Each structure stands twice: as C-alpha cells, then as structure tokens.
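The task is simple: from the sequences and hints, build the whole structure.
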Amino acid sequence: MKNKSLISINDYTPEELLKIIDIAGEFEKNPVQDILRGKVIATLFFEPSTRTRLSFESAVNRLGGRIIGFTDASSSSVKKGESLKDTIRTVSNYSDLIVMRHPLDGSARYASEVATVPVVNAGDGANQHPTQCLLDLFSIKKTQGTLENLNIFLVGDLKYGRTVHSLLMAMSNFNPTFNFISPEELRIPNEYKLFLDKKGIKYYEHLDFSDIISKADIVYMTRIQRERFSDPMEYEKVKNSYVLHNYMLKDTKDNLKILHPLPRVNEISEDVDENEKAYYFTQALNGVFTRQAIISSILGLK
Amino acid sequence: MTDKRILSVSAIKNGTVIDHIPANSLFKVISILELDKLDTQMTFGTNFISKKLGQKALIKISNKFFEDAEIDKIALVAPEAKLNIIEDYQVIEKRDVEVPDKIVGIVKCMNPNCVTNNENVLTKFDVISKKEVTLKCCYCEKITDQDHLKII
Ligand SMILES: [Zn+2]
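Residue numbers (the working numbering), protein chains in the order written: chain V, 127 to 428; chain W, 8 to 159.
Keep in mind that the hints were calculated from the coordinates and are not lab data. Bear in mind that the values here come from a model prediction, so they are computed numbers and not experimental data. Please note that the accuracy of each hint is not assured.
EDC-like cross-link-like pairs, simulated, lysine to aspartate or glutamate; straight-line CA separation at most 20 angstroms [what the hints assert, rightly or not]:
no.	chain 1	residue 1	chain 2	residue 2
1	W	Lys-115	W	Glu-139
2	W	Lys-44	W	Asp-79
3	V	Lys-324	W	Asp-133
4	W	Lys-101	W	Asp-75
5	V	Lys-324	W	Glu-148
6	W	Lys-137	V	Glu-317
7	V	Lys-324	W	Glu-139
8	W	Lys-109	V	Glu-239
9	V	Lys-319	W	Glu-148
10	W	Lys-109	V	Glu-331
11	V	Lys-130	W	Glu-148
12	V	Lys-285	V	Glu-317
13	W	Lys-137	W	Asp-79
Pasting the structure below:
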C-alpha cells in the first residue's frame, strides 16, 4: 500500500482491507504516537465537510504531523479559476500526502494522476468515499469479531447512497447475506444486483423491515432525502417506514449493532441512542483510527 | 465517361480501404482516425447503396497502414466496417474491426458531474460489454451505454 493512492474502495484487495483494519486496531489501543513528525499532510476541501475534515485532522495531529490546506474552495485560488491540475501540482510540492474532497465525480482519480504524492479521497461528488467505507468495515469487524458470513441490513436510500454502495462492494469479499430495505423509488440499482448475482451472494429486497430485523447482525441506516422523490406525496407516505425505534430492537440478536454514517436527521429515533446496540457514535470515533491507519500505511510508516 | 473518372480516383496502389461505414458516421471516422492530419492521397465516398447499412460510406487512403489499436477505435461508430489492405492494386488482407478493451478520448462521459466534463481531462473508459457497447468511466465510475454514446 506504500505510496498507493486510495481513491476507490475497489482499489484495495481484501487482504489490504484487512491489513488496514488491523492497523486501525493498533491505533485504537495506542492513538497518540509521534510517527508523522516532520510530515506535512494537505487537506484540500473544495467543498465543506467539517465532520470528515476534523476526523482527518485529528488523526494527523495525534500522530504528530502538520496540516496545510483549505476548508472550502471560496477561500482559495480555485475561486480565481485555477484548474484542479494546477492546484494539485502546486500542493504536491508542499506536502507528503494530499487528502482531498471535491464536488465532482472522478476528481480524486484525476488528482491522483497529476499529483506527485499519494492522494486519499475524502469524497468525490456522489462517487466514492473510501475512508468512510474502511471505518465501517473496522466497526463491523470490531463488533462482530469477523467480516465473514454476516447478515447485513442496508436501510433507507439505497439508490443514491454512496456509502451503502461502497460497503456492499467491500463486504462482498466476505460472503455476506444482504437485506435491502428501501422505498420503491430508492431501491438498490440493478448494476449492484448483477454484481452480487455474478459473485453468488444472497440478497433480499423488502419495503419494510420491522418483521425481519431479528435476523440482522448489522443494521446500516441511511438518511432518506425528500429531494430524491419525484412525487412529494410519495415521500410523506413512506418516510416513517424507515425510522428505527428502540422498541423494534426487542427481539434482535445480542451481537446486533446499528450503524449510520452520520449526520442523522430523524431516521434513528433518539430513544435508540442509549441502547447498547447503537454504535453510530463509536463508529465516528473509529474513523480517526482508520484514517491514522490509512495515512501511515500509505506513507510506509506501518 | 463518369464511370471512368470514378475509377481513376478509386484504385489505389498501396494503402487501406475502409468499407461499410454507416454514411452518417463518415465524418466521425475521419475525425477519430485524424485523417485530416495526414498528407497522403485520400478519397471519401458516401451515400452509396448498401443492403446491410442502407447508405454507406467508404474511405481509401494511399500509403497508410493502420495499427490494430488505432483502427479498432472506429468500431464505436462503425462496428460493421471492413478493412481492405492493398498492395500493388491487390487486396492482400481483409479484416473486421473490434471494439477495444479500453477507450481513451473519442467518447464523452454521460455523467454531467464527471470531472472529464468540467475540467480539461481526456476521457478514459473500460469496455464492460462489446456487443451492446457499454463503457465504464475510469474517473466517475459511471456507465455510458450505447444509447448515450456521444463522440467528442
Ligand atoms: Zn465519467
């Protein structure tokens, strides 16, 4: 993984995914180390994402590295019409690794081609967000003890949600069973079903999940946005079917954990927060360890 | 008289004849092969009657022999095209074109939010299917299918 950019979750082999997860586990035990001393990490946020940026910056700071960059494009030379290529070339001169978030799909791959240092994709438009995916994998492995043979429920917006698509692709290396729960309009796209068919992975589609949740090892919740519906009435009709309440967790498995990429709006009722099966806040903390693992392996320090 | 004139420009001694180009793809083929940049003699003919294609076009290029990778690019717009390689007025080889595994340039990504449609980036695709041409953008990872295939 040394010097290899992380652009898409599919860039890493299953072995490499597991390696990152193991290293993240080491950082969890020992999160403050001085291994990035003398290194400069650029965080280029062409669109704001405070949550992701803080997670990266916390990861770097705890390892003794320095950060340069900008938090949104309006305060940078990008505003003056500089091409992405020129920005990336310039910043390559000043840093050892670039973390980039950008509103255009495919911008991260392009940046990795023109950069002279490795690039970590912190979200390129609607396309990929691989560090989110790795932290999801770390959270699953940590809570389940394994990534193999799990029953994974993906709930909500399965059509546009890039985190569920990446998770689906990555978990497909570990023989899962998928249950897709979404409104008709936001069903998992066909290309993913074809992919699963090809790999021989079992999956089921449902419009509602209250009567099947007892089978789940992982419930991965996502937000349903009103803008995604062509008919606003349709949204009003379905919105409450995809909210998780505490009473629904009564007969679920002991090992079940609820994940959510955050921020949530109302898709997980607040009465779930105190349930020991709620894992989404710890999941966010795991993001720091995972990003420490990603940066230090790419820089060849782990 | 007219026939004679056609003959005199038609026959080439050495070079390549590309036949069975759909008439409406002629200029795309010229642009994909960058024929406008060659300085050898060329003849373009179009709107000939073809049983298979309705109306077809044809290109004759003197003293030019294409690499497979170069010529296969035209399969996107002229999948039925036939190549005749001419030496000393004789056809010494015939071959079909085949959609290549990778496409660089030529095609536009159909995703308006793709970096290739917003920055000065050459497009790049993996060919997922050759029959019903299906391309996966190497940047945004979205699919561009036959129905949405636009030549740049
Ligand atoms: Zn694209």
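Consistency of the hints with the structure:
1. Lys-115/W <-> Glu-139/W: The hint holds at about 17 angstroms.
2. Lys-44/W <-> Asp-79/W: Given that 20 angstroms is the threshold and the Cα spacing comes to 19 angstroms, the pair holds.
3. Lys-324/V <-> Asp-133/W: 18 angstroms, holds
4. Lys-101/W <-> Asp-75/W: OK: Lys-101/W and Asp-75/W at ~12 angstroms, within 20 angstroms.
5. Lys-324/V <-> Glu-148/W: 19 angstroms, holds
6. Lys-137/W <-> Glu-317/V: 17 angstroms, holds
7. Lys-324/V <-> Glu-139/W: 19 angstroms, holds
8. Lys-109/W <-> Glu-239/V: Holds, at roughly 17 angstroms.
9. Lys-319/V <-> Glu-148/W: 16 angstroms, holds
10. Lys-109/W <-> Glu-331/V: 34 angstroms, violated
11. Lys-130/V <-> Glu-148/W: 19 angstroms, holds
12. Lys-285/V <-> Glu-317/V: Holds: Lys-285/V and Glu-317/V sit about 11 angstroms apart, inside 20 angstroms.
13. Lys-137/W <-> Asp-79/W: 12 angstroms, holds
When the structure is compared with the earlier hints, a violation turns up for hint 10 alone.
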